[in-house]
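Sequence lines, in order, name chains A and B. For the first sequence, our numbering assigns the number 1225 to the last residue and increments by one with no breaks. For the second sequence, our numbering assigns the number 1081 to the last residue and increments by one with no breaks.
Simulated from the structure, these hints should not be mistaken for lab results. One should not assume that every hint holds.
[Unchecked claim] Pairs of lysine-lysine, DSS-like flavour, derived with a Cα cap of 30 Å:
#, chain 1, residue 1, chain 2, residue 2
1, B, Lys1002, A, Lys1210
2, A, Lys1210, A, Lys1139
3, A, Lys1048, A, Lys861
4, A, Lys1197, A, Lys998
5, B, Lys1076, A, Lys1210
6, B, Lys1002, A, Lys1139
[Said to hold, decoys possible] Calculated Cβ distances over 12 Å to all of chain A for the following chain B residues:
#, residue
7, Glu988
8, Trp1015
9, Ala1020
10, Asp1065
11, Gly1077
[To be verified] Restraint ranges, calculated between C-beta atoms of paired labels, are given here:
#, chain 1, residue 1, chain 2, residue 2, range
12, B, Val1048, A, Ala1098, 47 to 55 Å
13, A, Gly1194, B, Pro993, 51 to 59 Å
14, A, Ser1049, B, Ser1050, 50 to 58 Å
Positions of the beta carbon are idealized from the N, C-alpha and C atoms, including for glycine.
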Amino acid sequence: MKRWNLLIYAIAATDDEHRRILAQLAAMRAALATEQCNLVLEISAAAGTQRHWLAFTPAGVTDRVEDIVADRPIQALMTGLLDAGHAHAPDAATAFVLWAHGSGLGHMRRPRDHEPPASVGELFLTHALVEQAIRASHKHAVDVLALNACWMATLEVAYAMRGVAEVQVGSQVYAQAWPYGAIVAAISKSVPGGAEPLARMIVAAVQAELDHGQRHDAVSAVRSAPLSEVVTALDGYAARVTALIDTRWSDVRTAVASDAQRLDDPYQVDFASLIDVLGKSDKQAQKAAGAVSSRLRKAMIASAAHASHPGIRGLSILCPRSTHVDLDDVYADTGFAKHGWVSFLRAFQHKAVTERGGTPRASTSA
Amino acid sequence: MRNSPRQITEPGPVESASDATCGFSRVDRDLEIVVPPHCRASVLLKLVERDERHRYYAWWLVVARHDLDEVAVRYRYTGEDTIRFDVPANAVLSSAALQPLLADFLAHDGTMPPHTPIIKGLDLP
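Extracted from the complex, chain A is given alone in its bound form (with noise of 0.2 Å):
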């Protein structure tokens, strides 16, 4: 039977916060009933940092409390952990769950971020923090890397995570805390198999909550392994829509600005709603979309949402109305940055200015 070190930072931002996991806490400690699962949960609180590790024994659940002094950059104590956890099971495969506030595509070279963090309630999770974190780590890599924070689940942060994670979970749109004593009771019923059985019962316990009201959000989980075919397909299908800027720019605005699914966050769209509106009416531009869509859906392993959030399908992509926003700076140290979907958005943003008479941003990149 597989070993599973499921790890869990969760980072209170508000004393409410604290309140709230440590009630999460409390519901993983009832749930837990297999000595399969090595369960630690680090909670860096404004008070400080704190790591439990719980453990089944015929005796009970016990919970050892452990100090850590934060004295090191955010992403040193996220490695610390996974090292901690490695350390106490080392054939034990791991689940890396990050529960905090986040950004999707962030700014990334904020200096704080390689500093200690002076105030736990001014940190946003920025997938640069956790791909350092994990790559740090003497495993270099996780089973599964999930994400319960805002905004994390993009083709840009899943492709940027492809390297330390095989199977990845996280929320498209404002994302509320996960049900972890049911995912707990999951696994503890029956011990997953692998990284995909782990990511649904993640995605199911969500998905049971929806069904109850319970919540409102949506999560999502995708293989690793196929997104650099998504992001080589992506690259034949923005070459051919950035031609159609010029040719059907009428069209190409009307998709991007009007009909392409929106989400919580401004600056992006579901992925797959996208490719299904923009060049919908040029044959080359449909054909390249198709091979988009047949690898997306490789990758694809479950979703759920609430009907709040229709028409969105497991990834977004960055796809800004505002002219504004600096693509240099949101793609800064991504692996993105060189792929076609970002000369697309550039020659959007050049298009969109110079036709009401404005001076296109200067772009280092270009």
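Fit chain B to the known structure of chain A by using the hints.
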């Protein structure tokens, strides 16, 4: 016959039962917006920009009511973060006045850290 001069009566104190119909809610579907009785206006605030520290909401729509005089406005939900505020009769309608109320609402919502929402003033570029 000469009409008697119009008299404008200011709204009286808000009763607690009436206040219950006012307040914040998230927009999650197409709406026909009519200001609830006992509220003075309905406002839509839409998330339009963000940076590493803040979420910026813009005034997107203001619908008014005066006593029994009301109007219905249709709004098509796009999926983007849009918040409705039905404004109590005695409340001030300005970015500065709404700012702390929005922050409180979002803090209870639990989806973003405190101090992150900013309402862009209509007088700002």
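Comparing the hints with the structure gives:
1. B:Lys1002 <-> A:Lys1210: Between lysine 1002 (chain B) and lysine 1210 (chain A) the Cα gap is close to 25 Å, so the pair holds against 30 Å.
2. A:Lys1210 <-> A:Lys1139: holds, 20 Å
3. A:Lys1048 <-> A:Lys861: Cα-Cα ~13 Å, so holds.
4. A:Lys1197 <-> A:Lys998: holds, 28 Å
5. B:Lys1076 <-> A:Lys1210: Between lysine 1076 (chain B) and lysine 1210 (chain A) the Cα gap is close to 26 Å, so the pair holds against 30 Å.
6. B:Lys1002 <-> A:Lys1139: The given pair, whose Cα atoms are some 29 Å apart, holds under the 30 Å limit.
7. Glu988: Its Cβ never comes within 12 Å of chain A, the nearest being 17 Å, so this holds.
8. Trp1015: It holds; tryptophan 1015 (chain B) is separated from chain A by about 15 Å at its closest Cβ, greater than 12 Å.
9. Ala1020: Consistent with the label, alanine 1020 (chain B) stays out of reach of chain A, its closest Cβ about 26 Å off (over 12 Å).
10. Asp1065: Nearest chain A Cβ is 8 Å from aspartate 1065 (chain B), so the label is violated.
11. Gly1077: Holds: least Cβ distance 17 Å, greater than 12 Å.
12. B:Val1048 <-> A:Ala1098: 47 to 55 Å: With a Cβ separation near 53 Å, valine 1048 (chain B) and alanine 1098 (chain A) satisfy 47 to 55 Å, so the hint holds.
13. A:Gly1194 <-> B:Pro993: 51 to 59 Å: Taking Cβ atoms as reference, glycine 1194 (chain A) and proline 993 (chain B) lie about 56 Å apart, which means the hint holds.
14. A:Ser1049 <-> B:Ser1050: 50 to 58 Å: holds, 56 Å
Hint 10 from the list above is the single one not met by this structure.
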